[in-house]
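A.B. asks: Chains A and B, in that order, give the protein sequences.
Counting along the first sequence from 1, when you hit position 149 you're at 149 in the working numbering, and nothing is skipped either side.
To convert a position in the second sequence, counted from 1, into the working numbering, add 347.
Treat the hints loosely; a few may be bogus.
Stated by the list, open to error - Not the full set, but computed from the structure, chain B residues with beta-carbon under 10 Å of chain A:
#, residue
1, Q360
2, V363
3, G417
4, E433
5, F455
6, G468
7, I469
8, Y472
9, A522
10, G756
11, I758
As the list claims (entries may be wrong) - In silico negatives: residues of chain B with every beta carbon more than 10 Å from chain A:
#, residue
12, A424
13, A464
14, L562
Unchecked claim - The calculated SDA-like cross-link candidates involving lysine to any residue, where the alpha carbons are at most 25 Å apart (straight line), are:
#, chain 1, residue 1, chain 2, residue 2
15, B, K654, B, V633
16, A, K106, B, G517
17, A, K106, B, V776
For the record, the hints were derived by calculation from the structure and aren't laboratory data.
From a predicted model like this one, the values you see are computed outputs, not experimental measurements.
Note that beta-carbon positions come from the ideal geometry of N, C-alpha and C, so glycine has one too.
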Amino acid sequence: MITDVVGGILLTGLTLYAALGGADFGGGLWDLLAGGDQRGRAPRQLIDDTITPVWEANHVWLIFILVIFWTAFPAAFAAVMTAAALPLWLAAFGIVLRGSGFAFRKEVETLHWQRLFGAAFAFSSLIVPFFMGTVIGAIASGRIPAHPAHADLAVWTGPTSLLIGALFVAVCAYLAAVFLTREASRREDHQLRQYFAVRAAVAGTVSGALALATLTEIHSSNPALFHGLTHRGLALVIVSAACGLAVIVFVTTGRRPQALRPLSVLGVAAVVWGWGVAQYPALLPGTGLTLTSGAAPHSVLVTVVVIFVAAAVLVGPSFLLLFWLHGRQLLEGENHNVDGAADNLRT
Amino acid sequence: MHATQVLAGAIGQQVVPARAQMATTLGFHIILACFGIAFPTIVLVAEYRGLRRSDDVAMLLARRWSQVLGVLVAVGAVTGTVLSFEMGLLWPGLMRTYGAVLGVPFGFEGIFFFLEAIFTGIYLYGWQRLPGWMHFCTGIPIAITGLGGAVAVMAANSWMNQPGGFTLRGGKVVAVDPWQVFFNKATVYETPHMILAAYMVVGFLIAAVYAAGILRGHRDRYHRLGFGIPFTIAAILTPVQIFVGDTAARAIAAAQPVKFAAIEYVTRTGRDVPEYLGGFYVNGKVYFGLRIPYADSLLVGFKPSTKVTGLNSVAPALRPPALTLIHLSFDAMVGLAFLLLLAGLWTLLVWRRRRALPRQRWFWWLAIACGPAALVAMECGWIVTEVGRQPWVVYQLMTTSQAATTNGGVIDSLTAVIILYAVLGVVTVAILRMLARRWRRGGPA
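Pulled out of the complex, with its shape left as it was, chain A reads as follows (with noise of 0.2 Å):
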């Protein structure tokens, strides 16, 4: 059924973002975690140099996800940002701080200005992944009505939605931690591999307590999800523990470095999967809302098709020329000091 693939091709969207978004979004935390301005500086650094050409494009998918959610599936989009308007605005206006804030950072020279717009990036980075969570944690727990007419507390401050929010922050951080650590022993920085392996240990450590948590929750809380994950989802369920497993002791062993990017991504994918296919076929669960009773017309649905697979032909390719420039560090953004040098021209 097309609106089967149309409600892959935005978990697609929403693993991708989760992936790579989620990764800058945890670099975002580990600097604020940095410390002062001396011992945080060599991880700063790090981070920055990972995040810089890449965060535009990997944000995207944010923007991809939205559209297609109220091009594919409009009621329930509008149902959602009716009913969970408030974690909804906070998220948009720390996007803006976020993003302007990594921006300007780069661009200031002394010290008082790079900690403010440091310190809007790095809080920034903690309240959205937050906030979202906790919409995710409204959709999946069956709070959000059909037809909300006002926004409502209690849609996204349930437990479930709150440790959804908190797992968002911590897996966030787990996988930036671990794309961290990859890249400092990709660069033989054996100090800095070391710091940020403790950490993806740490982070990831934690998401599995919070995933435990949460599904222990739903156990009580929401017996068809808690049904769902532990049936049709349990294949994914369990793929996602034993790529956190893997990781965390390839992280502490310092084995298989090049194992730990694709091992925590299939891991979280498989979370989100696991999600996607324990509410299945419900779009908003608790409601009538399902993947075909909710969905736009036959044509529109086959142009969200065309236009995931242009996609795929088009950014697919683009996106690994991103990442192979990158991973050769053939993107460095040293335009600054050219500048200077170049001064002597300007006659």
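Following the hints, position chain B against chain A.
C.D. replies: Then chain B, alone, in the frame of chain A:
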């Protein structure tokens, strides 16, 4: 739709703050969008010149402009995201009914935005390690996708003015023809109008920066080239824009007669309709306006007997609000366009005579004024098209108050947006000025 129903809808209290918020965020973002659309081309022209003629000055300009582009694209990316959120947060009624239709052009915009962001990452940070022409080539997709993104977003906006390509049954969209949605009747003139506006805004603004330098006595090649490249592009496009705008106005007279009547203060449908320049509209009367007999009929149909539809053709509730704002915005846009044309013609005449830029000081004052003038003209154009479409969000199908959120508290998000964007605007300008100071000092960037 019945007029009383519209009035009942207008009682929805959130529509006014929701519109104010949309206007604030869109009016802010559109400036950055202009830079996203047009600036890459201007940077590439400088880089091309730098590579082709081994022109180090052009190369330096390209590098510095790309750093400015980096800041503006980052701010534009996040303010654009706010707009995607607002589509649902402020206008859930619109999205519930027409999300599937509006999503078609926005979906294509997504692809363009992806490619734009990816190649911007490569271009901005590839200056040092990528070989010259290869670096230049990584900028070409940014220029193309900037245009593609503009086409897609303008398709969505023009669809709201000339909706088509779908079937409604029982208030629900049951079938959609994506081609007709994307290539709707209004997109033919709205899209080129905006793309040209983007080139003019960016071209005149960047040129104004160097004009200020020249006025201060820096008549070196760096300033002349920094002025010349963007100014030439913008000045060449100005007459084209005036032609496109004129065509658009006539098309609006035919397709959205009430909007046109608001623009031109046409109270009653009739022939021999006069044109008003300036003036305030109060209770069906125009005060302090310069009245040119027959001119409006002439402009619409090239003869005085052309019939022009007036505001009286629809019930008062279906007329746009703030007629004075719409009319004065339109007049300001047209007037400023001719100011920009004048600056271009002046330069052309002097250049033809002696192959140099004008020497008169007040030419340079005019050149500085062209930057804000182009920006104001563009914003005025948006006021005309958006306020002029009211009370409709989807022309003649859905009113803005039916589209607005039923949530309270829009006034709070509006307040937050005004504060956040004011700070963002001030800081962005401050950062750009700081870069300029640093470059002037010639110290390490």
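A.B. asks: With reference to the structure, classify each hint as holding or not holding.
C.D. replies: Quick rundown of the hints versus the structure:
no.	hint	in the structure
1	Q360	13 Å, violated
2	V363	18 Å, violated
3	G417	7 Å, holds
4	E433	8 Å, holds
5	F455	6 Å, holds
6	G468	4 Å, holds
7	I469	6 Å, holds
8	Y472	4 Å, holds
9	A522	5 Å, holds
10	G756	8 Å, holds
11	I758	13 Å, violated
12	A424	5 Å, violated
13	A464	4 Å, violated
14	L562	17 Å, holds
15	K654(B) x V633(B)	20 Å, holds
16	K106(A) x G517(B)	54 Å, violated
17	K106(A) x V776(B)	15 Å, holds
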